[in-house]
Amino acid sequence: MLLTYSELLQESILLFLTFFGAVVVALICGIAFHEFSHAFTADRLGDGTARAAGRVSLNPVRHLDPAGTVFLMIGGFGWGKPVPVNPWRLRNGPKNGRAMVAAAGPLSNILLAALASLPMHLGLVDWRSPFLVPSSVSGWSAGDYAGLFLGSLIIFNVVLAVFNLLPIAPLDGFAVAVGLLPSELSTTVARLEPYGPGILMLLIVMPFVAPGQVSLLHEFMSPLINGLTDLIAGGGRALR
Numbered sequence: 419m420l421l422t423y424s425e426l427l428q429e430s431i432l433l434f435l436t437f438f439g440a441v442v443v444a445l446i447c448g449i450a451f452h453e454f455s456h457a458f459t460a461d462r463l464g465d466g467t468a469r470a471a472g473r474v475s476l477n478p479v480r481h482l483d484p485a486g487t488v489f490l491m492i493g494g495f496g497w498g499k500p501v502p503v504n505p506w507r508l509r510n511g512p513k514n515g516r517a518m519v520a521a522a523g524p525l526s527n528i529l530l531a532a533l534a535s536l537p538m539h540l541g542l543v544d545w546r547s548p549f550l551v552p553s554s555v556s557g558w559s560a561g562d563y564a565g566l567f568l569g570s571l572i573i574f575n576v577v578l579a580v581f582n583l584l585p586i587a588p589l590d591g592f593a594v595a596v597g598l599l600p601s602e603l604s605t606t607v608a609r610l611e612p613y614g615p616g617i618l619m620l621l622i623v624m625p626f627v628a629p630g631q632v633s634l635l636h637e638f639m640s641p642l643i644n645g646l647t648d649l650i651a652g653g654g655r656a657l658r
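Just so we're aligned: the sequence shown equals residues 419 to 658 in the working numbering.
Simulated from the structure, these hints should not be mistaken for laboratory data.
Fair warning: there could be bad hints in the mix.
[Unchecked claim] Computed Cβ-Cβ distance ranges for the label pairs, DEER-style:
id: 1; residue 1: Ser424; residue 2: Thr606; range: 23 to 31 Å
id: 2; residue 1: Asn644; residue 2: Val623; range: 38 to 46 Å
id: 3; residue 1: Pro552; residue 2: Pro600; range: 50 to 58 Å
id: 4; residue 1: Leu598; residue 2: Pro641; range: 19 to 27 Å
id: 5; residue 1: Gly511; residue 2: Gly557; range: 55 to 63 Å
id: 6; residue 1: Thr606; residue 2: Leu432; range: 52 to 60 Å
id: 7; residue 1: Phe626; residue 2: Arg509; range: 39 to 47 Å
id: 8; residue 1: Arg509; residue 2: Gly557; range: 30 to 38 Å
id: 9; residue 1: Asn504; residue 2: Leu432; range: 32 to 40 Å
id: 10; residue 1: His539; residue 2: Leu427; range: 45 to 53 Å
id: 11; residue 1: Leu610; residue 2: Leu550; range: 36 to 44 Å
id: 12; residue 1: Leu536; residue 2: Ser633; range: 28 to 36 Å
[As the list claims (entries may be wrong)] Calculated pairs, SDA-like style, for lysine to any residue (alpha carbon to alpha carbon, straight line, at most 25 Å):
id: 13; residue 1: Lys499; residue 2: Gly652
id: 14; residue 1: Lys499; residue 2: Asn514
id: 15; residue 1: Lys499; residue 2: Cys447
id: 16; residue 1: Lys513; residue 2: Val443
id: 17; residue 1: Lys513; residue 2: Leu649
id: 18; residue 1: Lys513; residue 2: Ala608
id: 19; residue 1: Lys499; residue 2: Gly511
id: 20; residue 1: Lys513; residue 2: Pro588
id: 21; residue 1: Lys499; residue 2: Ala470
id: 22; residue 1: Lys499; residue 2: Pro600
id: 23; residue 1: Lys513; residue 2: Val442
id: 24; residue 1: Lys513; residue 2: Leu584
id: 25; residue 1: Lys499; residue 2: Lys513
id: 26; residue 1: Lys513; residue 2: Ser604
id: 27; residue 1: Lys513; residue 2: Leu421
id: 28; residue 1: Lys513; residue 2: Val488
id: 29; residue 1: Lys499; residue 2: Gly557
id: 30; residue 1: Lys513; residue 2: Gly616
id: 31; residue 1: Lys499; residue 2: Gly472
id: 32; residue 1: Lys499; residue 2: Arg462
id: 33; residue 1: Lys513; residue 2: Cys447
id: 34; residue 1: Lys513; residue 2: Gly466
id: 35; residue 1: Lys513; residue 2: Glu637
id: 36; residue 1: Lys499; residue 2: Leu421
id: 37; residue 1: Lys499; residue 2: Val443
id: 38; residue 1: Lys499; residue 2: Leu540
id: 39; residue 1: Lys499; residue 2: Gly464
id: 40; residue 1: Lys499; residue 2: Phe581
Please read all numbers here as calculations on a predicted model, not as lab measurements.
Cβ atoms here follow ideal geometry from the backbone N, Cα and C, with glycine treated the same way.
Using the sequences provided together with the hints, build the complete structure.
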């Protein structure tokens, strides 16, 4: 995020703090709620591992990873501490139970985005995009600041949900796919888990090491992000 908004420092410190702060707080809220939802679901399904580790908490400090937070502040891409789960203790069994715990994270981000959109649908605040930066915020009201924060919550929680639902290990979507697929196919897909982190890293760094190449992640995720953001917040709110 520092890389994204650093040029705003030349315009105004207030402008920089307004947009940088709104986005970082929105991302921290999204990541913390995501990890809390994993922990809460696992606990409700009978596995107390996360509770014993203090992870059934809405306190962001419990869920933020130091390295992931640094990356979040600098580049806008970060991660939380993985929630410890013992799938063999889950009431629904290791396959279905793990899928339910995994799905709870992205679904919680969609829920948070939907809740953040309510004041806009009720006409209490106007939409303010974190990517459409005005030349000044000197004339902004409290409603403008609220709109920026809520807009950031919506967009970045949708991004977190869509990204984490990709069926690539170690993302949540992989565990969801393994849990939903028929047993024989599920076993075959599960064998691909060790290769997932390498595949994911390759997809992430490809546009940077090969400039001009199409980002497969961007091409796949953008329509989903746009559609879901439009659905939650109303037309014209997506990342174009």
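Now the hints, each set against the structure:
1. Distance hint check: the CB atoms of Ser424 and Thr606 are about 46 Å apart, inconsistent with the given range 23 to 31 Å.
2. Distance hint check for Asn644 and Val623: the Cβ-Cβ separation is about 24 Å, which falls outside the suggested range of 38 to 46 Å.
3. At roughly 52 Å, the beta carbons of Pro552 and Pro600 sit within the given window of 50 to 58 Å.
4. With their beta carbons about 22 Å apart, Leu598 and Pro641 fall inside the hinted range of 19 to 27 Å.
5. Range check, Gly511 to Gly557: Cβ separation about 58 Å, and the 55 to 63 Å hint holds.
6. The beta-carbon spacing between Thr606 and Leu432, approximately 55 Å, falls within the hinted interval of 52 to 60 Å.
7. As the Cβ distance of Phe626 to Arg509 is approximately 43 Å, the hint placing it in 39 to 47 Å holds.
8. Distance hint for Arg509 and Gly557: a CB-CB separation of about 55 Å, inconsistent with the stated range 30 to 38 Å.
9. As the Cβ distance of Asn504 to Leu432 is approximately 48 Å, the hint placing it in 32 to 40 Å is violated.
10. With their beta carbons about 34 Å apart, His539 and Leu427 fall outside the hinted range of 45 to 53 Å.
11. Distance hint check for Leu610 and Leu550: the Cβ-Cβ separation is about 40 Å, which falls inside the suggested range of 36 to 44 Å.
12. Distance hint for Leu536 and Ser633: a CB-CB separation of about 33 Å, consistent with the stated range 28 to 36 Å.
13. This hinted pair does not check out: Lys499 and Gly652 have alpha carbons roughly 33 Å apart, beyond 25 Å.
14. Distance check on the hinted pair: Lys499 and Asn514 sit about 23 Å apart at the alpha-carbon level, within 25 Å; holds.
15. Proximity of Lys499 to Cys447 is assessed by CA-CA distance (about 14 Å); at most 25 Å being required, the pair is judged to hold.
16. Between the alpha carbons of Lys513 and Val443 the distance comes to roughly 34 Å, so the proposed pair goes past 25 Å and is violated.
17. Between Lys513 and Leu649 the CA atoms are separated by roughly 31 Å; this puts the pair beyond 25 Å, and the hint is violated.
18. Distance hint between Lys513 and Ala608 is fulfilled; the C-alpha atoms sit about 10 Å from each other, no more than 25 Å.
19. A threshold of 25 Å between alpha carbons decides the hint, and for Lys499 with Gly511 the separation of about 24 Å falls inside it, so the pair holds.
20. Distance check on the hinted pair: Lys513 and Pro588 sit about 15 Å apart at the alpha-carbon level, within 25 Å; holds.
21. About 15 Å separates the Cα atoms of Lys499 and Ala470, which keeps this hinted pair within 25 Å; it holds.
22. For the suggested pair Lys499 and Pro600, the alpha carbons sit about 30 Å apart, so the restraint of at most 25 Å is broken.
23. Between Lys513 and Val442 the alpha-carbon distance is near 35 Å, which puts this suggested pair outside the 25 Å criterion.
24. Pair hint Lys513 plus Leu584 holds up; C-alpha atoms about 18 Å apart against a cutoff of 25 Å.
25. Taking the CA atoms of Lys499 and Lys513, the gap is about 22 Å. The hint holds against a cut of 25 Å.
26. Between Lys513 and Ser604 the alpha-carbon distance is near 9 Å, which keeps this suggested pair within the 25 Å criterion.
27. Taken as a hint, the Lys513 and Leu421 pair is broken in the structure, with Cα atoms around 41 Å apart against an allowance of 25 Å.
28. A threshold of 25 Å between alpha carbons decides the hint, and for Lys513 with Val488 the separation of about 34 Å lies outside it, so the pair is violated.
29. At most 25 Å may separate the alpha-carbon atoms for a hinted pair to count; Lys499 and Gly557 exceed this at roughly 39 Å.
30. With a C-alpha separation of about 23 Å, the suggested pair Lys513 and Gly616 falls inside the 25 Å cut-off, and the hint holds.
31. Restraint check for Lys499 and Gly472: satisfied, since their Cα atoms lie roughly 12 Å apart, inside the 25 Å limit.
32. Restraint check for Lys499 and Arg462: satisfied, since their Cα atoms lie roughly 20 Å apart, inside the 25 Å limit.
33. Distance check on the hinted pair: Lys513 and Cys447 sit about 29 Å apart at the alpha-carbon level, beyond 25 Å; violated.
34. Under the criterion of a C-alpha separation no larger than 25 Å, the hint pairing Lys513 with Gly466 is consistent with the structure, at around 17 Å.
35. For the proposed pair Lys513 and Glu637, the alpha carbon gap of about 30 Å is over 25 Å, so the pair is violated.
36. For the hint linking Lys499 to Leu421, the alpha-carbon distance of about 24 Å falls within 25 Å, and the restraint holds.
37. Proximity of Lys499 to Val443 is assessed by CA-CA distance (about 17 Å); at most 25 Å being required, the pair is judged to hold.
38. The suggested pairing of Lys499 with Leu540 is violated, with an alpha-carbon distance near 35 Å, which exceeds 25 Å.
39. About 21 Å separates the Cα atoms of Lys499 and Gly464, which keeps this hinted pair within 25 Å; it holds.
40. With a C-alpha separation of about 17 Å, the suggested pairing of Lys499 with Phe581 holds against the 25 Å cut-off.
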